[in-house]
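In order, the protein sequences belong to chains A and B.
Residue 440 in the working numbering sits at position 218 of the first sequence, and the numbers go up by one each step.
Residue 243 in the working numbering sits at position 21 of the second sequence, and the numbers go up by one each step.
The reader is advised that the hints may include incorrect statements.
The list cannot tell twin chains apart, which means a pair is met if one copy fits it or any two copies do.
Claimed, not checked - DSS-like mimics (lysine-lysine), calculated; alpha carbons at most 30 angstroms apart, straight line:
#  : residue 1 : residue 2
1  : K544      : K343
2  : K337      : K544
3  : K271      : K337
4  : K337      : K460
5  : K224      : K553
6  : K460      : K553
7  : K579      : K343
8  : K544      : K224
9  : K285      : K592
10 : K553      : K592
Keep in mind that the hints were calculated from the coordinates and are not lab data.
On a predicted model such as this, the values are computed, not experimentally measured, just so you know.
2 protein chains.
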Amino acid sequence: MKRVGIGLIGCGIVGGGVINHLGRNHDLLLERSGVDLFLAKIAVRDPSKARGADPALITGDWKEVIFHPDVQIVVEMMGGTTLAREVAEAAIRAGKPLVTANKALLAECGEDLLKLAEARKVPVYFEASVAGGIPILKALREGLRANHILGIHGIINGTCNYILSRMADEGSSYEEVLADAKRLGYAEADESLDVDGIDAAHKAAILASLAYGFWIRMDQLYVEGIRKVTDLDMAFAKKLGYAIKLLATIRPNSSRAVEVRVHPTLIPRSHVLASVSGAYNAVAVQGDVVGNTLFYGRGAGPDATASAVLSDIAEAALALDKDSAYRGFEKNTLYGRTVPMADVVTRYYVRLTVLNKPGVLARVAAIFGKHELGISSVFQPEDHEDETVPLVMLLDYGKESALQKAYNEIMSLDVVQEPCQVIRVEDFS
Amino acid sequence: MKRVGIGLIGCGIVGGGVINHLGRNHDLLLERSGVDLFLAKIAVRDPSKARGADPALITGDWKEVIFHPDVQIVVEMMGGTTLAREVAEAAIRAGKPLVTANKALLAECGEDLLKLAEARKVPVYFEASVAGGIPILKALREGLRANHILGIHGIINGTCNYILSRMADEGSSYEEVLADAKRLGYAEADESLDVDGIDAAHKAAILASLAYGFWIRMDQLYVEGIRKVTDLDMAFAKKLGYAIKLLATIRPNSSRAVEVRVHPTLIPRSHVLASVSGAYNAVAVQGDVVGNTLFYGRGAGPDATASAVLSDIAEAALALDKDSAYRGFEKNTLYGRTVPMADVVTRYYVRLTVLNKPGVLARVAAIFGKHELGISSVFQPEDHEDETVPLVMLLDYGKESALQKAYNEIMSLDVVQEPCQVIRVEDFS
């Protein structure tokens, strides 16, 4: 029986979950993997605040963890990208396999880290960084490896999905639901990483990089958060047969350049992703051989994350001292470019506030026509007492650059008032 | 660059799919895995019928494949359990990793095969044997390995799901849809393996064996097919808020004995599994750490199967000549017993044909009461002109043995006529 010592760096909510479940399911992991995993050392910034950890194992100095003779696997659970990067590099340089759930670290420094890891032949495991307990990275890298990935559509931020689901269910405003989500612990005190789409963008970058075999930088992604989604849009979307989700869309065009974008998206209510609600995550992957697949589960929280972290720890432990098949990052020269947002072709939902008088629709439609953007449906509520009225349109497929030009022209019309709104539409066709 | 020769035994529809997609995505697999895979030899029973294969590689003798010097990985695509077993054992004895999609072989002979493989340290890969292109075995064995599996619910036979989906959508009878399914190629000429639940039972046995770490024999499963499901049941189920699916249910009881059963099941229409329609498969896995997860995709056909087979081939190729972390079958002494069907506790849908006169319901209810089976709802259509009427009941949780006793007593009542029906209900609570 192999005994393997774990060094944990960072012991907040997620680190605490790892300690908790390693304790509870130690025997199961021993049975299944034949490895006796034990916590050898734990570093926390403030030793008085370590959650559920044996005080004898605690240190305030992360280097003590990495260089501890009993530590064979380093688990980075601190978050952030500055100190975390230093920790990750030190672990790799010390020849100790690294397990992390840190999506920001991977998205920002993954290329450098994995290069270092490859050079030193030290494996880095990061299944928990995307979609929590759903083994989606393993599926992409291994289970679907024989596929050209034709598209990935993911709901990969639980906070945004919780807020949007409640807005849809209750007809409440973004601000109301956000305040409640904070009270209930579904949103952080500083919500910006989540609601501005940054967290989802980090995960999208990781998914895309693994699916297409080249590292996609954060500045190659298009990111738009959910702050601008209103209860009015929710209501119109529902009426038109759509749900609004913060969706990550990743797909290659016909010349194998990859578009990666995260933004609020109207999706047909009949699509399975529309019924992914609350804090759940789901990733739909379309492969050229396998066809459509979907992976669903809890995307965050200490338990779901611990499930993935412990699986990675077990995998790392089994591979210790072995000439393992683990190849780090699998480069792929068949892909390598991203699509600039201006060149993306998609459908659009446009909601305008227009003066309540004849001829307005004609002027708006003329501008879309000029830019070769087809209008597939128009909706205007019947209550015409007010001075201004909403005008909602669904556009056919069109180029983002054309849409932006048309939209700017329309906004400069004297008959169009604030507020107006554009949300992209995905019909999975 | 490593060149690895593949030996294919059996070249029907599925084997042809492997050849086709290996050709199409050879370069992708080379990029991603660094392995140059090539077909070295192909055995078919009738060499004149090999699908899409290079005639120079064809032989009628499977031994030529296994002992061919260029063949490093043996891919068994012939099906069946007699000759396939001989082939599988010969490959393992020859020290050549085996890839197979043969669920019958695994379910019937998996224990012996994997023992032999473990003794010879030859890996056996069989991801394609369950749920086609969905990497569910990898998820269970690796991604969710830190979890006690609290339950698995799977729609794992595409033919049955296609038939039941169409019955539900069209209100047609089983016989009508089956005939059409055969015509369209969704059901085999001899449909019995599918519609009698045998194929799903093979897959359930494999899922359960991997999830709980002991081999579950076919005689330890309860299996019931879909032949008995009528359009009347479909209609009543819909009215009560349920769908009828051929569901594999796998779960441990409180003393860690595992129940494994495959039978038509009423599931709430609001549950995500109810919306898995047509030839798709889905497996919901509940882990004690991760919570609820779901894996969805095409469960059969040459493409979905080829996706899994090629992924296994690549994994086998990467692990060749390495002291790999692959451990074959992961035994687990925390589990080891199955639950006899008589002891299973579940809910029931009961449809009786009763004489149209007063007092019948009271007599039926009294028998259920005597056996401590609670009735949670009763439904009887209002049209009371006929001599007999249907009486539909949903029962609360009760023991299978009690249900069977009560049902036999009820069937012997003079006021109860044929046909009657019992279908189990899963409410996922």
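Hints, one by one, checked against the model:
Proximity of K544 to K343 under the C-alpha cut-off of 30 angstroms is found in both arrangements, the shortest distances being 11 angstroms within a copy and 15 angstroms between copies. Proximity of K337 and K544 under a CA criterion of 30 angstroms is satisfied in both settings, with 20 angstroms inside one chain copy and 22 angstroms between copies. Taking the shortest alpha-carbon separations for K271 and K337, neither the intra-copy value of 35 angstroms nor the inter-copy value of 48 angstroms comes in at or below 30 angstroms. In this homomeric assembly, K337 and K460 never come within 30 angstroms of each other (Cα to Cα): the closest approach is 46 angstroms inside a single copy and 56 angstroms across copies.
Taking CA atoms no more than 30 angstroms apart as the test, K224 paired with K553 passes between copies only; the shortest distance there is 16 angstroms, against 33 angstroms inside one copy. In this assembly of identical chains, K460 and K553 lie within 30 angstroms of each other by CA distance neither inside one copy nor across copies; the values are 42 angstroms within and 50 angstroms between. Within a single copy, K579 and K343 get their C-alpha atoms no closer than 70 angstroms, and across copies no closer than 80 angstroms, so neither meets the 30 angstroms cut-off. Within a single copy, K544 and K224 get their C-alpha atoms as close as 13 angstroms, and across copies as close as 19 angstroms, so both meet the 30 angstroms cut-off.
For the identical chains of this complex, K285 and K592 are neighbours neither inside a copy (63 angstroms) nor across copies (69 angstroms), given an alpha-carbon limit of 30 angstroms. Taking identical chains as interchangeable, the C-alpha atoms of K553 and K592 are never at most 30 angstroms apart, the minima being 43 angstroms within one chain and 67 angstroms between chains.
Hints 3, 4, 6, 7, 9 and 10 from the earlier list are contradicted by this structure; the remaining hints agree with it.
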